[in-house]
Amino acid sequence: MTLNRRKFLGTGAAAASLVGLNGLPLHAQGKTLNVTAYGGVWEQAVRDCFVAPFEAKTGAKATVSLGGPAQWLAQVEASPDNPPLDVLIMSPDLAVLAAEADLMDDFTVEKLPNLAYIPQEFTDACLGKGTYFDYGVGGITYNKDVVAEPPRSFADFVDRVAAGEFIASIPSIQYGPTTVFFLWALNNALGGDVDNTDPFFEAMAKMKDNLVYWAGPNDFFNHLASGEADLGIYFDGRTWNHVDEGVDWIDWINPEEGGAITSVAIQKPKNASDLAWDYLNEVLDADNQAKFAEILNYGVTNTQVEYSEKLAARVTPLSEANLPPYAEIARVRNDWVDRWNREIGM
Amino acid sequence: MLDAVKNSARARRALLLAPALIFLAVFFVMPLADNSARSFLTEDGGFTLSRYAAFLTDRFYLGVILETLILSAAVTVISVVIAYPVAYVLVRKAGRLSGLIVFLLIAPLLTSIIMRTFGWQVLFARRGLVNQWLVTDLGLLDTPLRWLNTPGLAIAALVHVLVPFAVLSIASVLQGVDRRLEEGALVLGASRIRTFFEVTLPLTVDGIGTGAILVFMIANGSFVTLVLLGGGFQTLPLLIYQQFNTTRDFALASTMSTILLVIALACLWLQLRLLRRQGV
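Residue numbers (my numbering), protein chains in the order written: chain A, 186 to 531; chain Y, 2 to 281.
The following block holds chain Y by itself, in its conformation from the complex (with noise of 0.2 Å):
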C-alpha cells in the first residue's frame, strides 16, 4: 500500500516534470548536440578530429583561447573585489537604504547593453566628456587622451555590467551569516579586522564563489561589449560571430563554441572544486 502512494508520488512528479525536460531536451540538448556533432563531421558525413586538431596547435588560437580566460578571469577578480564592500555596506550598514542601494545596483541591468555600452563611449571618446573635463575644465592635460579601444576601459564596461551579479550573491549569503559567531570572536579579543578574515569571510566564501562562477561563464561568452568598445581583445564569442556572419565556416564555428563550452564547464569544475575544497 505505502509502495503505491510512493509511487504515484513519484509518477506525479515525473509528469509534473516532463513538460520542462521535454523542451529542454528539444530546445536546448539537441540543438547543443547537434552543434557539436557538426564539428566532428567530414562533408562526407564522415568522422573527423582534424578540426580540432589545427585548432589546438595552432598558436594563434591557443593566443584567443588563453586571451578570453585572462578577461574572463581578471573581470570576475575585479567585480569580486568591487562587490564584496557593496555587499557588506548592503548588509550591515545601509538599513532602510538596502532597498535604495538594490535598486542601484539592478537599475543598469535594466537598460539594453547597448546603450549601456554607447554611454562608455560617449563619457571616453577623444573629445568625450572625460577628456574634456581633464583637458578643458581642469586643465590637468594637454591633449586628450585615448580611452576607446584599449582593453582597460573594455574590463570597466563588463565590470559595470557583470558587479551586480557578484553583490547580490555575496549579500544573500553575508545575510545569513549568525553575528554571534563575529560577537564572540570580538569577546574572546579578536580585532575587528582579524573577525572579519577569521570569521566573516570564510562564512561568506560560498557566496563569493558563486558570484564568481556567475561573473566568469558572462564574461567568457561577452559579445556585445567587445564588439563595441573593442579593446584589443580577441576572443571565442568574437570569433565565433565571424565564423557564422562572415566566413559562413559553420563547422569551424562549432568547433570553436565546443571548445568553449569543454573550457566552460572545466572552469566550473575547478571553481566548485576548489570552493569544496574550502569546506563550503
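This is chain A alone, in the form it adopts within the complex (with noise of 0.2 Å):
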C-alpha cells in the first residue's frame, strides 16, 4: 500500500479523464440550440416551460447544460467565434461583465416581440445585452416556532442579533450572489452606498458572536431545520417553495427598507445560432412565465403575467424592493470581496 509514482499517475489520470471528459463543449450545430439551466426543479421548469413550446413552434431541438453563470461565461469567454452555449443564464452582475466584454448580442424588439412587455429598467440593466426574466428578493425568514415577534427590518435584525436575541444564519462570501443581495441590500438599508461599506462591516462586527453562515440555499435550510440558527437572511422563493414542501414553520419577511431584487438574466452570445432569438423570446413569453413562476415561487418580469391567487400573495412586488445597482458593484466587488476575507473571514 506504499504510494509511489505510478498510483500518483494512475489517479490523476482518472481524474483527469473525469474532469475533462465533463469539460467538453457542446458546440451547437444545425437546428440544435444549447441552452443553460441551474439544477433541480430549475431545470425541469426550464425544460417544460420554455424549451417544450421553442421545440413545439420552430420543430429545432434544445439540449440543456446544467452549472452557473461563471462556468458559462468562462466557456463563452474561451470560444467567442463559436461560443458552446447559445443562451446564457447570468447573475445579474456576470450579466454586466459579459456586455461590457462586448460578449452578448443586442435585445431588441425586432428581434425579441415579447422584450416589449418587459420593463425597460431590466434591459438597461443588462447594458442592453440581455434582460431579466425572473426575480427574488432577498429578506428575513425565520422559524416561526422560536422567534415568535421577527425583526421588520434590517435595522432591527442587526440590533437584536447583536443583543443576542437571535442567532442569524447568514450567507458566507464564497456564495457568489451575497455581495449584492447581502453586502449591499445591508449596507444600504443601514445608510451606507457603493462607495462606504462601513455601515455594513460595523453591523458585522457587532453581531459576529451570534452568526453562522451559509454557503449555498439549502445549507440556510438545515441551519433553521437543525435548530443551529432561530432566522437569517434568505430568499422569498426559496423559502415559499419549503412551505409547499410541508414545511409550516417558517415564514419570510420583506424588510421594510425593502429587500434587494436578486434576478437572474439571459443573454445570448454574439457568434451563437440564430435560433437562440426564438427560444428568447419564448422565455420572455407572458404566459410561459406565469407557468415558471408557478414552479419555482419566483416573481418574473414580463408586465402581462397573472400570478395565480396564492402567488400573488407571496411575489414580493418591484415597488417593494430595491434594484441593486449592478454595474456600479461590479466596479468595486473585488474591494468588498477582499475586506470581507480580511475583516469577516468566513
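Careful, some of the hints might be misleading.
Unchecked claim - With beta-carbon atoms standing in for the labels, derived distance ranges:
1. 264(A) to 266(Y): 30 to 36 Å
2. 43(Y) to 228(A): 37 to 43 Å
3. 53(Y) to 528(A): 22 to 28 Å
4. 256(A) to 153(Y): 33 to 39 Å
5. 274(Y) to 226(A): 37 to 43 Å
6. 393(A) to 46(Y): 39 to 45 Å
7. 43(Y) to 459(A): 22 to 28 Å
These aren't lab readings, by the way, just hints derived from the structure by calculation.
Where is the CB? At the ideal position from N, CA and C, for every residue including glycine.
With the hints as a guide, bring the two chains together.
This is how it looks when you write it as C-alpha cells:
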C-alpha cells in the first residue's frame, strides 16, 4: 500500500479523464440549440416552460446544459467565435461584465417581440445586451416556532442579533450573490452606499458572536431545521418552496427598507445560433413565464403575467424592493470581497 | 540479434504507455502549465512576478498559507494517531472480523461528502442530537453548546473523512512485518511495549509516512467540509474558489493555486526526505 509515482499517475489520469470529459463543449450545430439551466427543479421548469414550446413552434431541438453563470461565461470567453452555448442564464453582475466585454448580442424588440412587455430598466441593467426574466428578493426568513416577534427591518435585525436575542444564519462570501443581496442590501439599509460600506462592516462586527454562515441555499435551510439558527437572510421564493414541501414552521419578511431584487438574466452570446432568438422570445412570453413562476415561486418580469391568487400573495412587488446598481457594484465588488476576507473571514 | 529483441520490447512498452502519457499530457500537464502560466502574464502578454510579490508580502495571505498548513498538519497528526491502533487491531487482533472492520472503514467513503458533512450539522447543531443529550436527556448542561463553525468540529469532520486512508496505508505495511523479529525481541527479554516501540513501530514507518502524505495532501486541498462547517478557517482552496466564483480574478486564482501546488510538493519532498532519514 505504499504510494508511488505510478499510483499518483494512475489516480491523476482517472481524475483528469473525469474532469476533461465533463468539460467538453457541445457546439450548437444545425437545428439544435444549447441552452443553460441551474439544476434540480429549475432544470425541469426550464424544460417544461421554455424548451417544450420552443421545440413545438420551431421543430428544432434544444439541449440543456447544467451548471452556473461563472462556468458558462468562462466557456464563452474561451471560445467567443464559436461559443459552445447559445443562451446563457446569468447573475446580474456577470451579465454586466459579459456586456461590457462585448461578448453578448443586443436585445431589441425587432428580434424579441416579447421584450416589449419587459420593463426597460431590466434591459438597461444588462446594458442592452440581455434582460431579466425572473427575480427573487432577499429578506428575513425565520423559524416561527422559536421567533415569536421577528425583526421587521434590517436595522432591527442587526440590533437584535447583536444583542444575542437570535442566532442568525447569513450567506458566506463563498456564495456568489452575497455581495449584492446581502452586503449591498444591508449596507444600503443602514445608510451606506457603493463607495462606503462601513455601515455594513460595523454591523457585522456587532453581530459576529451570534452569526453562522451558509455556503449555499440548502445549507441555510439545514441551519434552521437543525436549530443552529433561528432566522437569517434568505430568498422569498426558496422560502415558499419549503412551505409548499410541507415545512409549515418558516415564514419570510420583506424588511421595511426593502430587500434587494436578485434577478436572473438571459443573454445570447455573439456568434451563437440565431435560433436563440426564438428560444429567448419563449422565455419572455407571458404564459410561459406565468407557468415558470408557479413552479418556482419566484416573480417574473413580463408585465402581462397574471399570477394565481396563491402566488400573487407571495411574490414581492417590484415597487417594494430595491434594484441594486449592478454596474456600480461590479466596479468595487473585488474590494468588498477583499475587505470581507480580512475583517470577517468566512 | 539480442539488441533487436530488446529494442522491439522497448518500443512495445513505449507504445503501450503512449495513450496514458498523451492523455496525461493533454488533460493534466498542459492545463496545469496553462494555469500556472496565467499567473506570470500581464494583461498584454508580458512577464510579471508582481502577483507573487504582492501575495507573498501581504500578511493576510501569508496568514492564509500558514493556516492551510497548520490545519493540514493537525488533521494529519490526529488521523495517524487514531489510525495506528485501528490498523494494529485490524491486522493483529481482528481475525475473522477484519473484513467487517475494513467494510466499516470504507463505508463512509461510499457516501457523498456533502451528506456526511450535513450529518455533522444535524448531530452538532445548537438544537441537534448531541446538545439534546447533554442538556435535556442527561442534564449535564444548562444551555446548549455551539459546536458548529468551531475549528474543533471542522478538524474532526476532516479526520473522519481521512482516517481510512491512513488506516489502510498503515495496515498494509503492518501486514508485511515479520512477526519473528518481534518474537525474537520478546525472547531476548524485551517487554511488549519496548518491542512495539523498538521493533514494530520502526518497521511500519513506511506505512505511517504513506498515510501521512496521503492525508496531508488531501487535507491541504480540502474544500467542501470547510465551506459547510466553517470552523473559522481561511485556507487557500477557499480563496481560490472565491476568485473563480465571486471575483473572477483568474490570474490571482492561478497565483494561489500555483503557490498551493508548490507548498504541497515541498511538503511531499520534506516528508519523503524525513522518511528516508529513518532508513526506509
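Evaluation of the provided hints:
1. For the pair residue 264(A) and residue 266(Y), the supplied restraint of 30 to 36 Å holds, since their beta-carbon distance comes to about 32 Å.
2. Distance hint for residue 43(Y) and residue 228(A): a CB-CB separation of about 40 Å, consistent with the stated range 37 to 43 Å.
3. A hinted range of 22 to 28 Å for the beta carbons of residue 53(Y) and residue 528(A) is consistent with their spacing of about 25 Å.
4. A hinted range of 33 to 39 Å for the beta carbons of residue 256(A) and residue 153(Y) is consistent with their spacing of about 34 Å.
5. A hinted range of 37 to 43 Å for the beta carbons of residue 274(Y) and residue 226(A) is inconsistent with their spacing of about 53 Å.
6. A beta carbon spacing of about 44 Å between residue 393(A) and residue 46(Y) agrees with the range 39 to 45 Å that was offered as a hint.
7. Here the CB-CB span from residue 43(Y) to residue 459(A) is close to 37 Å, at odds with the stated 22 to 28 Å.
Consistency with the previously given hints fails for numbers 5, 7, ordered from lowest to highest.
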